[in-house]
Amino acid sequence: MKRTDFEDRVEAELDNGLKVLIKPIPTAPIISHWVWYRVGSRDEAPGKTGLSHWVEHMQFKGTPNYSAEEMEREVARKGGFWNAFTFFDWTTYYATLPSAEIDGLMHFEADRMRNTAYPPDEVESEREVILSELEGSENDPTFRLSRKVQEALIKIHPYHHEVIGTREDLRSLSYHDLLEHYHHYYRPSNAVLTIAGDLNPNEMLDKVADLYANIPDNKEPHLPITRTFPLDPPNQGEQVFEIDGPGDTVFVEISYPTLPAAHPDTYALIIFDSLLSGPTNMNMFGGGSVSNKTSRLFKALIDSGLAMGAGGGSPITIDPYLYTFNLTLRPEQSISAAIQALDEQIERLQTETVPEDQIARAIKQAKAIFAYGTENITNQAFWLGHAEMFSNYTWFQSYINNLEKVTPQDLIRIARQCFIKQHRAVGIYHPNGEHAEESW
Amino acid sequence: MVTHSLPGSEDITRVELPNGIVVLARENFFSQSVAVQGFIRSGSLYDPPEKLGLSGLTASLMMRGTQNRGFDQLFEAQESVGARLAINSGTHLTSLSGYCLAEDLLGQLGLLAEMLREPLFDPIEMEKLRKQFLTGLDLRANDTGAIAELNFDALIYGSHPYARPDEGYPETIKSITREDVLEHHRTIFGPEGMALCVVGAVKSNQAVEWINQTFGDWKNPDQRKEIQISDAIPPEKPQRKHVTLPGKIQTDLIMGVMAMKRDDPDYIPAQLANSILGEFGMMGRIGMEVREKSGLAYYAASGLGASIAQGTWDFNARVNPENLEKTIALINQVIRDFLKEGVQQEDLRDNQDAFIGRLPLGLESNRGVAKAVLDLERKKRGFDYYYNFADMVRAITPERVTEVARKYLTTPNHVISSCGPRLKKKGK
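Heads up: the sequence lines are chains A and B, in that order. Going by numbering that gives the first Met the number 0, the final residue of the first sequence carries number 439, and the count climbs one at a time with no gaps. Going by numbering that gives the first Met the number 0, the final residue of the second sequence carries number 427, and the count climbs one at a time with no gaps.
Simulated from the structure, these hints should not be mistaken for lab results. Virtual Cβ for every residue (Gly too), placed ideally from N, Cα, C. Incorrect hints may appear among the rest.
To be verified - Just the calculated beta-carbon pair ranges, DEER-fashion:
id	chain 1	residue 1	chain 2	residue 2	range
1	B	N67	A	E331	54 to 60 Å
2	A	E150	B	T176	55 to 61 Å
3	A	S66	B	K423	34 to 40 Å
4	B	E398	A	S171	29 to 35 Å
5	B	E126	A	E403	39 to 45 Å
6	A	E150	B	P411	48 to 54 Å
7	B	F28	A	D205	53 to 59 Å
8	A	F240	B	K292	37 to 43 Å
9	B	G361	A	E403	51 to 57 Å
10	A	S124	B	P264	36 to 42 Å
11	A	E179	B	E126	34 to 40 Å
12	A	N401	B	Q72	45 to 51 Å
13	A	F240	B	E126	28 to 34 Å
Stated by the list, open to error - Taking lysine to aspartate or glutamate and the EDC-like style, the derived pairs with C-alpha atoms no more than 20 Å apart in a straight line are:
id	chain 1	residue 1	chain 2	residue 2
14	B	K240	A	E436
15	B	K325	A	E436
16	B	K423	A	E436
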């Protein structure tokens, strides 16, 4: 095992390749425990979409050593909360428990890295659950709109499809597909374990080693994991899509291809986002967000009466994804006037130098959001692992320092580089005026 | 190794200012931030029925300009330092909340005081806000879950005020005038019945001093007395309603019965019964049967609400419309089996442990602690409540939980509300 001690944490790598980050935080008698796997919807071939998310669901079905019910009870009766997320780039399983009660969770979390049972009948019932989850999302018009825009701008890279997968694939994926996906990606060298809270790092590392050191990374002959995908060339002309549905509200979504999170210009993009759309809260748990009433977008679109809602942002991704603006309009408001006002604000940032005090203001906002996030132990354990998924933990630690280095020239450069009209897609949801009616 | 403990009489400072405002404070210097939570005695309960939403509109307008600062200045003063203040109306109370870096606390308290005491109620801002509210109501009218809930409340509460949505209806929002807002503020808002709690990197005596400095001289001799809400009467017969929303794919279902008040001795036993039925682990027994074993829904759970008047005990799911009747039957079967078998000691122990264990988890952040402390004040539970919580929960027996569950859930007069695509045939 390789071990490095930092001022605030211990990092280690077990001989089987499992990376471990442990951070003591003595503010509350709890521990938050996360296991991250470098697998997500980006690792799914056409025709096999939705596999990673489905495997995530199956991870709650138990192992030969721990039944699903035992796992549930172990966390629930200790008062803990646990869940999992599947994203484009990663899948993570987290739990936060009273610090004296963490051992049981650690045992089955280690066990399900390799030993999850895949009872065929449960695979089938979970297919229905996931289809139901997809249908639930489709109830929301903005989900359908986002899907259209995403599919239009990303055709080659696997970010093309939604994490949950397509209905067709969810109907055709087999038991064998799931098992193969699980065994290929769920192994120590493809995982990162992060633990934060009321703990002694030495004792915790010993526990981790006891539980994980004997899990072989090469139980079966493994194919190497390849995560490099061809990127989409930019659109050579703006694409516009329109869909309709019930209601009285117009939704507009405008997306531009953007930068990968680890790109050095990401910090400039964060300041750009703060000035234009309002500061983004990147904390997953706790941490307060700051409103956007003084942002340029709010003033140009909402204050002026052109739209009812306006915002923008981009998720943190390994490969280039999308920066998306979302506008909400009433039917009597002009869609073209709203888009024009948005375009004018982007153009201002492409041509006018942003005063230094506005950049300083955006940095102060980011510092405050950062401080709110540090109140929360679950959020700190999240960042220990999340940063590792696209960069490493120093990205998080140097975040404020790097924001402070952004110059007005950087802002103009990234505004010109990332917000090119010909490269974007515009999706519009038109309400068709159909309303609820009482049936009985 | 932890120096932190549950908030209680040992570390909560409580001071009542001469004008009636209760100030609560608890120190935490592990982060540079501070959270503020509070409440003031205004809510939809004070709205005339034809002006429902008045309290909400008034609260939101307070955040859009004061006598000294316009909309831009008000938000500039918050956003430029990464702070956030909010005033949100509920049924009985309007909540006050905020967070900022400790160095900015006095300034943010001053802003909050300006909003509450000297709002501008600018007519232009009012019209902008009215449009936003109406858009929100349009979105509600297109949301299957919101419509199912709206109808559930209307059916179960009948003529009781809890039948009404706090945010009102399009016609009531349209009817509100600026004079209504001014009158609401003049007669409802005041220091009597108000509380503010500060938790974070500030000394408690400093927090009290700053609140006294910003709110201590507020008086309102015209402030209306607290409304005493009547008991809610359960429906006299079973009720069912389905609303069709074209273009939707799934159906939201809410079914349930009237429950108890929050100070009823039945409340904690009922919470334990509810946890076993539809919360514990992956949504309790309901989740196990409806989602895990039958694959009928992505979620199926239960919830128990209780307020000053009676709340509801409801069971909800989002399902494919073809599975609606099957899901209703399955939920009913789970409830029937639960009531017939009674609560087992092991099940109860697991759920008691869960209630006790999760208490510190809600207290991870300053905001969580501030909410918890304020809750003690609002519900008049005393500051030793969290210290005694474990003993109180452990004292409840399986027989008591069974008795309470049977008392509320055996009624035939339950309500079923659903909203989604058109159904092929009417359910029973």
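Report task. Mind checking the alpha carbons of B/K423 and A/E436 for me, to see if they're no more than 20 Å apart? Result -> 15 Å, holds
Report task. Indicate whether the distance between the beta carbons of B/N67 and A/E331 respects the range 54 to 60 Å. Result -> Cβ of B/N67 to Cβ of A/E331: about 34 Å, so the range 54 to 60 Å is violated.
Query raised in the report: Does the structure keep B/K325 and A/E436 at a Cα separation of 20 Å or less?
Result: 23 Å, violated
**Report entry** Verdict for A/E150, B/P411 (Cβ pair) under range 48 to 54 Å
**Finding:** 50 Å, holds
Query raised in the report: Can the suggested window of 34 to 40 Å be confirmed for the beta-carbon pair A/S66 and B/K423?
Result: 38 Å, holds
Query - Range hint compliance [Cβ, B/E398 to A/S171, 29 to 35 Å] - result: 52 Å, violated
Requested in this report: Would you mind confirming whether the straight-line C-alpha gap from B/K240 to A/E436 stays at or under 20 Å?
Outcome: 11 Å, holds
Query raised in the report: Is the hinted range of 45 to 51 Å satisfied by the C-beta distance from A/N401 to B/Q72?
Result: Violated, since A/N401 and B/Q72 (Cβ atoms, about 31 Å apart) do not stay within the stated range.
Query raised in the report: When you take the CB atoms of A/E150 and B/T176, is the distance between them in 55 to 61 Å?
Result: At roughly 48 Å between Cβ atoms, B/T176 and A/E150 fall outside 55 to 61 Å, so the hint is violated.
Report task. Could you see if the CB distance from B/F28 to A/D205 stays within 53 to 59 Å? Result -> 31 Å, violated
Query raised in the report: Is it true that B/E126 and A/E403 lie within 39 to 45 Å of each other by Cβ?
Result: 41 Å, holds
Query raised in the report: For the pair B/G361 and A/E403, does the Cβ-Cβ distance stay inside 51 to 57 Å?
Result: Between B/G361 and A/E403, where Cβ atoms are some 35 Å apart, the hint is violated.
Of the numbered hints stated above, those contradicted by the structure are hints 1, 2, 4, 7, 9, 11, 12, 15, listed in ascending order.
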